[in-house]
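There are 6 protein chains.
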Amino acid sequence: MKDLRAKADMLVEALPYIRQWAGTTMVVKYGGAAMVSPEHKRHVAQDLVLLQHVGIKTVVVHGGGPRISELMQRLGKEPVFVEGQRVTDAETMEIAQMVLVGSISQDLVGHIYQAGGRAVSISGKDGQTIRAKKKRGAGEVDLGQVGDITEVNPELILSLADAGYMAVISTIGIGEDGMSYNINADTAAGAVAAALGAEKLIVLSDVPGLLRDPSDEASLISELKLDEAKALIKGGHIEGGMKPKLQGCVKALEGGVKRAHLLDGRLAHCILMELFTDRGVGTMIEG
Amino acid sequence: MKDLRAKADMLVEALPYIRQWAGTTMVVKYGGAAMVSPEHKRHVAQDLVLLQHVGIKTVVVHGGGPRISELMQRLGKEPVFVEGQRVTDAETMEIAQMVLVGSISQDLVGHIYQAGGRAVSISGKDGQTIRAKKKRGAGEVDLGQVGDITEVNPELILSLADAGYMAVISTIGIGEDGMSYNINADTAAGAVAAALGAEKLIVLSDVPGLLRDPSDEASLISELKLDEAKALIKGGHIEGGMKPKLQGCVKALEGGVKRAHLLDGRLAHCILMELFTDRGVGTMIEG
Amino acid sequence: MKDLRAKADMLVEALPYIRQWAGTTMVVKYGGAAMVSPEHKRHVAQDLVLLQHVGIKTVVVHGGGPRISELMQRLGKEPVFVEGQRVTDAETMEIAQMVLVGSISQDLVGHIYQAGGRAVSISGKDGQTIRAKKKRGAGEVDLGQVGDITEVNPELILSLADAGYMAVISTIGIGEDGMSYNINADTAAGAVAAALGAEKLIVLSDVPGLLRDPSDEASLISELKLDEAKALIKGGHIEGGMKPKLQGCVKALEGGVKRAHLLDGRLAHCILMELFTDRGVGTMIEG
Amino acid sequence: MKDLRAKADMLVEALPYIRQWAGTTMVVKYGGAAMVSPEHKRHVAQDLVLLQHVGIKTVVVHGGGPRISELMQRLGKEPVFVEGQRVTDAETMEIAQMVLVGSISQDLVGHIYQAGGRAVSISGKDGQTIRAKKKRGAGEVDLGQVGDITEVNPELILSLADAGYMAVISTIGIGEDGMSYNINADTAAGAVAAALGAEKLIVLSDVPGLLRDPSDEASLISELKLDEAKALIKGGHIEGGMKPKLQGCVKALEGGVKRAHLLDGRLAHCILMELFTDRGVGTMIEG
Amino acid sequence: MKDLRAKADMLVEALPYIRQWAGTTMVVKYGGAAMVSPEHKRHVAQDLVLLQHVGIKTVVVHGGGPRISELMQRLGKEPVFVEGQRVTDAETMEIAQMVLVGSISQDLVGHIYQAGGRAVSISGKDGQTIRAKKKRGAGEVDLGQVGDITEVNPELILSLADAGYMAVISTIGIGEDGMSYNINADTAAGAVAAALGAEKLIVLSDVPGLLRDPSDEASLISELKLDEAKALIKGGHIEGGMKPKLQGCVKALEGGVKRAHLLDGRLAHCILMELFTDRGVGTMIEG
Amino acid sequence: MKDLRAKADMLVEALPYIRQWAGTTMVVKYGGAAMVSPEHKRHVAQDLVLLQHVGIKTVVVHGGGPRISELMQRLGKEPVFVEGQRVTDAETMEIAQMVLVGSISQDLVGHIYQAGGRAVSISGKDGQTIRAKKKRGAGEVDLGQVGDITEVNPELILSLADAGYMAVISTIGIGEDGMSYNINADTAAGAVAAALGAEKLIVLSDVPGLLRDPSDEASLISELKLDEAKALIKGGHIEGGMKPKLQGCVKALEGGVKRAHLLDGRLAHCILMELFTDRGVGTMIEG
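Protein chains in written order, with this note's numbering: chain D, 10 to 296; chain Y, 10 to 296; chain G, 10 to 296; chain Z, 10 to 296; chain P, 10 to 296; chain V, 10 to 296.
The following block holds chain D by itself, in its conformation from the complex (with noise of 0.2 Å):
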C-alpha cells in the first residue's frame, strides 16, 4: 500500500506540470545515441507518448547521418564531407531519402503505435512543409542538393495534430522547382518549433548538455541567456556536433519559441524527467 501511496504521490507531483504544459507545442529533436538501441527507442516512444495524452501537441524532427553513410558504403559511395556539410549529389540524396523517411521515420513510427500513441510520419516535401532552395557553396565547393530553408508552412503538421497525430519528421525539403534538398536536421528543427510558436524545442543529444569543457562533464551549463549562447557560437567556443544543435535553439527562440533544452538522449526517459518534475535535467536556454 505504500507503495501505491507513493506512486500516486509521483503523479499528484506532476500535475502542475502536466496544468502547465497542456495545449502547447513542443518540438523534439530526436537523433545520436537515442536513435541506436531498441531500449531507447522504446523509452522515446514512451515519452511521446505520454506527452500525447497529456494534452502536448507533440512534433519529432529526427536526422540520421551516420546511417546514410552506412548505406552509402554499402552501396560502394563513399561519403564526403565538406566544412560539416555533406556532398549531396542525385544518387546521395535518393540515399538520404530511402533512409531516412523510409527507414528512421517509419521505425519511430511503430514503436510510437507500441507505446500506444498515434503518429504520421512525413519528409519535408509532403505538403511542401520545408521550402528550400540549394546552399550557396562557401568558396568554390558545389554541395549538390544541400538546402537552406525559405520557408517552413505548418499547415501539415497543424492538420495532423488537429486529427490527433503527432507528426515525426524528415528534414527533405522541396525547392521551387520541384527539387528534393538534404536539410541539416537540428537547423530545422528550430524552424519547425518557431514556425509552430512552440512551447519548447527539445534537443537530444549524446552528452549531458552543453559543456563549458566538453571534455569535463562535470561543466555543464544549467541555464543560459540567449545572448550568451550567440555569444558562445560567434566566439567559435562550440565545436562539433554540438554547434549546430545550439544554432538551431537560438533560431528556435529568435523566432518566438519560449525556451529550448538540451538533453541527454542517452538517459532513460530524459524528456519526461525535464517536463514533469521539480528538477530540470541538461542545459536549458531562455529567450
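Simulated from the structure, these hints should not be mistaken for laboratory data. Hints are supplied without guarantee of correctness; some may be wrong.
Any copy, or any two copies together, can satisfy a pair, since identical chains are not distinguished.
Unchecked claim - Quick list of in silico lysine to any residue cross-link-like pairs, SDA-like style, CA-CA up to 25 Å:
| # | residue 1 | residue 2 |
| --- | --- | --- |
| 1 | Lys252 | Val89 |
| 2 | Lys267 | Pro253 |
| 3 | Lys50 | Glu100 |
| 4 | Lys11 | Ser224 |
| 5 | Lys50 | Glu185 |
| 6 | Lys142 | Ser78 |
| 7 | Lys142 | Gly125 |
| 8 | Lys143 | Asp116 |
| 9 | Lys50 | Arg140 |
| 10 | Lys239 | Glu263 |
| 11 | Lys86 | Pro75 |
| 12 | Lys11 | Arg288 |
Computed from a prediction, not measured in an experiment: that's the story for all the values here.
With chain D fixed as given, assemble chains Y, G, Z, P and V onto it according to the hints.
Showing chains Y, G, Z, P and V alone in chain D's frame:
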C-alpha cells in the same frame, strides 16, 4: 538522478492507464470522511484535477447529510428519519439546499480551483438536470419533499464538459410542479453515471470497500459481479450506509456503466491508485 | 374578437422592440421587494423568460443582504456594518454563501423553470467568473472577506448562453489564494454588464427610479447622462442603497454598456414595460 | 401606467405560446384578400416578421391566379380553365412566372423588409426546390404546362432559414426536362409543409374557415380530424376554392404536419390571434 | 485514339488555369445577344456551370432593357429615355421587375439547371442585397424610380455560394423607404464584383471588346490599364452602350477587383476561351 | 480562333463528367511502366492533379517490386519468390520500406507538387492505416514478413483529404505486435477503395487491359461483370501480374466500389481519357 528516474518510471507505468481512460467519463460520488478534513479535500481535488487533465470527463456527485443535520440543530430543528429517509418539510428542504449547494459544492469548487482545475457547481434544478417526483411514503408516513428521480437530463453536464468544466452536483431534484426534492446522493450518483454512459462510477466511503463481515476490514470483497451484488442486497446482507451505495452501483451498472468501485475515501489519493496503477484497491463491481 | 384584435395589436406594437433587442445581452440586477413576495418573483421570472424567448441573452445578478442578516441572527451572530460594508469573518462568509447560492439563486432558478425558461445558478467562484481581492479596509477596520473585483471572466456565462441557459449569478468572488470574497451585488452587476458588452443594465430597486428628492416619488429623474450621474455621486447627493446602484450603473456605462435603467421592482412586469412599449419607466442613464 | 400594465400582461399571456412555437417551422399559404390591399399586406408582413423574431422558421407560399388572368387579358389573351385548371401554353407560363415571381413575391419581400424582417423570394425552379411533371390531363384536354409535384427538395429553404432568411415561394415547378410547370399553390403549400416537417400549415382564405354551409358564416367548423376532412372531400361536400385548400391541408397532415389551420385572411393579424392567444380562430384540422 | 489524346491534352492545357481560378470569385455580366438565342443561352449556361464545377464562386448579374421596352409596348406604354436613363414610373418599375426577376432570371436558372448547375435567382431586394436611393435627376427631369446604389450587401450571395448555389441577380435595388429602384445592370455588376472582392468581372457585350474605332472590329484594344480606361471615359471617347460597361469595369477595379474583361457574347464559349486557354480574347483591363 | 473554339468545346464535352465525378472518391493503383520514365510520371501526376482540382477525392496506392529487387541485388541479397510472393526477412522488409516509402512515394509527391497538386505520402503504418497479420504460408515455406490485410482504417486518408491533400500510399502493413508487413499493392488498392467507399478503382498496368489472349492486344475485353471476373480467376484463365490486379478489382467491387478499370499505363493521360471523354479505354468491370 536515481530519484528522477523513479519518478519518470512511475509516469511510464501510468501511461497505459492514461491512454485507456482518455476520453471516457467517470462519475465520482464524494462524501464521508473525504469531505471533512482540509487535507482530505485537497487530496480528492488533486485526484479530480488530474483526471480532468489526462482527458477524462470528470463529474462529481456529493451528499452531505451530517452537515444538514448539524445546521438544522443549530437552527433549533430536530432531524427526523423514517427508515433511513430524512423527513423533509419546507424548512428542512431550504436548509438542505443551503448546505449542499451553498456550502459543500462551493467549498469543493474552491479546492478544485486551488488544485488547478475548472469546475462549476450545479444542483439538479439547474438546467432541470435531475427531474424528480415525490417519494411514495412507506406506510402512512409522509416524508415531505423526499423525491425519486424520474429522469436525469445530461445536457447541462455535457455542455459544461465540452466547455472544459467539471460539474459538481448537489442532488436536489425538481418536480414538474417546480417543487424541490431531496434526493439520496448515492442513488443520484448511479443515475447520473447511467445517463452519461460513464465508464466508471467511483464511490468514496469510510470503509475499505464491501466487507463480508462489516466488523472485519480484512474481509474485503475485491471483485463482484452485478448479479452477486443484487443477490447480496436482496438477501438483506448489506446494512447501514453501504446499502444505498451498493444500490447506486447496481443502478449505474444496469444503466450501462462498465464498472463501479467502492473505495476507501480515508485513503489519500485512492482514486489515482485505483485508476493509474497495476493494483486495484477497494471493491470492483462489474456489469 | 375585438379583444383578440387588441391583443394582436399589442404584439405588433412590441415588434420593433423585439427586433431591436434580439441578439443583444441584458443584465438584470435583481433584489429588493421584487425578491420577497412569491407573486413578485413570478412576475420577474416571466419577464426574464420572455426576454430569453425573443432572443435576448439574459443574465441575472442578485444580492440578498437582509436574508443574510436574518440567518446570521437565527444562528446567534450579530451582523456588523462599517460604512455600509458587512464585516465578513469566515463564518459570515459561509452563511452568505449558503443564503445567496443555496437559497436565493436556487429559488429564482425554480421560478424561471416554472415560467418556462432554462437557467443555471452560478457563483463568481464557478468557472472563476468573478476574480477578487481583499478590500483595503477604510481606516483601521479589517472588513474580513469583503472583496473588490479584479476581473470578470465572461467565459462560463457565455458558454451557458450559447447552450441556451440564463446565468443567475451570486456575487461571491474568488481570490488568487482560493479564498471566497463577499462582493457588493450592485457593483458586480455593473462589472458583469461591462465584461459582457451588454446592451443594457437593468437595476431593480424599491423606488420608482432616481429621485431628486428621495422623499418625493414625483421628483423622478427620467433621463440622465453618465456625466451627470457621476457628478451626483461626487457631489454627495445620493445616499443609502441608491448610491451603490448608481455606482454600478456608472461602472457599466464606463465599461461600454449603452444604457442603464433604474426601475421600480415593486411594479409588476416593469422590465417588459421598459423594453417593449413606447413609454419608458424609471430612470434611464445613457453613456 | 394602467395601459402599460395591460400591454405587459398581453406579452405575458403570449409567453407560453412563444415558448411552444420557438424553433418550429410554420408554412403560411398567402393569397386572396390578404394579398390585395396595402393595409392587409402590411398586417400579414408584420405577423410573419413577428413569427420570425420569436424563433419560428417561417416559410411563405403564395398563389396569384386573378393577377395572372388580369395580365393575360391586358396582353390580349383570354384565360381558359378546364375543371378549375388554367390551360397553360408557353406564353401563359411566361406570364404566370412574371406575375408570381417578378411581382407578387417581390412585393411581399418589400413589405417584409418594411416590417423589419429578412426574406428571399424563390420560385420552385430556384435550387430545384419543386420538381414536377406534366399533369395527366383529365380526358382529352391538354392542360399544357400544368404540373404535378414529384418532389419538394427542402435544401434551399433550409439553407436560407439557417442564414436567417424567410423563403417566399412562387409555385413554379421544374421538370426533369428543364420545362417550367404551373403548380396549384394550395397543393404546393401542403407539400412544402410536409417536406419541411412543419409544425403547422396556415392557409389564409377569404372566408372565416371551413363552413358547413358556405352561405352561412355562422356555420364555421372550429375543429376537424384528418379523417373527417378526407370524408368531406370524398363526399363532394366541399366546393370552389375551398377544395384545393382543404386538399393542401390533408396533404400536409398526411405528410406529418401536426396541425393545419384555415384562417380568414380578411381579419387583420389573424395569424397572431391563432398562434399567440388562448382563443383560436378559423378552422383547425388535426392529424 | 489520337482524338482521345487531343482531348486529354486539352484538359491538361486547362489544368494550370483550373488551379489558378479555383476558390476565386468571378462575376459575369450577362446581356445582349448572349441573352437572345436559345443556343447562346445554352452556351453561356455551360460556361457558368463549368466555372462552378472547377471551384469558382460564380455570380451572374443581368440586365434586360429591350425586353422591358417590349413588354411596355405590348401593354400600351411608350418607353421614355432621358440621357440614356429609362424614366421609371410605378407601372414601369412593376413591368421591369416582372421582366427581369420573373422572366429573364427564371429562364437563365432553367438553362443552368439543364447544364447541370445549381442556381438561385435573386433581386437586389432579396436579403436587401442592393441598397439604393433615388437618382438625382440631371436638370429638371424626374427619372422616377431610377436609383443609385448606396451599398451592396454580399451576405445573401455568400450564403448561397456556401450552400453551393450560383446567384443570378436582377438589378432591382431597395430604398430605405422600401421603394424599388431600377439600377443600371453594368454599374451594378461592377459594384457586386467589388463587394465580393472578385478576382474578375467578365462583361459580355455584342462587340469584340473595346474598339479604338467603333466601326472597325479590327481596332480592338487587347489590354488597358485602369488609368487609361478612366482617361478614355473622361475624354468622351466612349459612347453608347459601351460607356456604362466600361464604367462598371472601372468601378470594379477601383473596388479591388483584379481584372475586368469585355468579351464578345456572340462568340460561343467566350468565357471558357478567356479563362482556360493560353490566348485571351476581347479586352482586358487591369487595376 | 477556330482552335480556341475546339478547346472550349473539349471542356464542354468534359463538363458532364466533371459534374458526375465531383465529390466522389477514386483510388488509382500506380505501377508498372507509368512509374518508370520521367515523362510518364509527369503525365500521371497531371492526371491526378486534374482529378483533385475538379473535386474528386483522389488516393494513390503504389507498388514497386522491381525497384525493391534491384536495391536488394545492389546490397548483395538475392530476391527469393515462392508462388509469386517475395520471401521477406527483416532485412528485405527494411529494404522494401526504404524503396517504397523513401523513394517511390517521395518521388511521386514531388511530381504532383510540380503539377500543382497537394499530396502527402503515407505508409500503412502511419495512422495504422493498413492493419495486417502474417500470411499463412502455403505449405511449409515461411514467407517471413509477408502480410494479409486485416483492416483498412480510412481515418488518416479522410482527414488528409478534408485538409486538401491527396494520400500517396505505400502498402506496408502494421501488425498488432507492431511488426511491419509487406502487402501486395494490387490487393491493398482494392481494400483501400472498398474502405473508402470509392466510386472507382483505376488500375494502371503495362497492357491495354484484360486480354482474352494475353499474346494478342486486339483481344481486349472492354466490359466485364463482377461474376465473370470471378469466374475467370477461378477458371485459372488469368496469369502473371494480371491475376492480383483482377483480384484487387474483385475485392473492391465486392466491398461496394461501383466500377473498376484496368487501364494501359503506357498510354499518356489514360486516366483522363477514361474519366472525361465519351469513349472508354481499357477494361471496365462492374459490380
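Checked hints:
1. Lys252 x Val89: within (20 Å within a copy, 46 Å between copies)
2. Lys267 x Pro253: Only inside one copy: Lys267 and Pro253 sit 19 Å apart there, 45 Å across copies, limit 25 Å.
3. Lys50 x Glu100: between (29 Å within a copy, 19 Å between copies)
4. Lys11 x Ser224: Between copies only: 24 Å across chains, 43 Å inside a chain, cut-off 25 Å.
5. Lys50 x Glu185: between (35 Å within a copy, 18 Å between copies)
6. Lys142 x Ser78: Answer is within; shortest intra-copy Cα gap is 23 Å, inter-copy 33 Å.
7. Lys142 x Gly125: between (37 Å within a copy, 18 Å between copies)
8. Lys143 x Asp116: Answer is between; shortest inter-copy Cα gap is 18 Å, intra-copy 29 Å.
9. Lys50 x Arg140: between (29 Å within a copy, 22 Å between copies)
10. Lys239 x Glu263: within (10 Å within a copy, 48 Å between copies)
11. Lys86 x Pro75: both (14 Å within a copy, 22 Å between copies)
12. Lys11 x Arg288: both (24 Å within a copy, 12 Å between copies)
Checked against the numbered hints given earlier, the structure satisfies every one of them.
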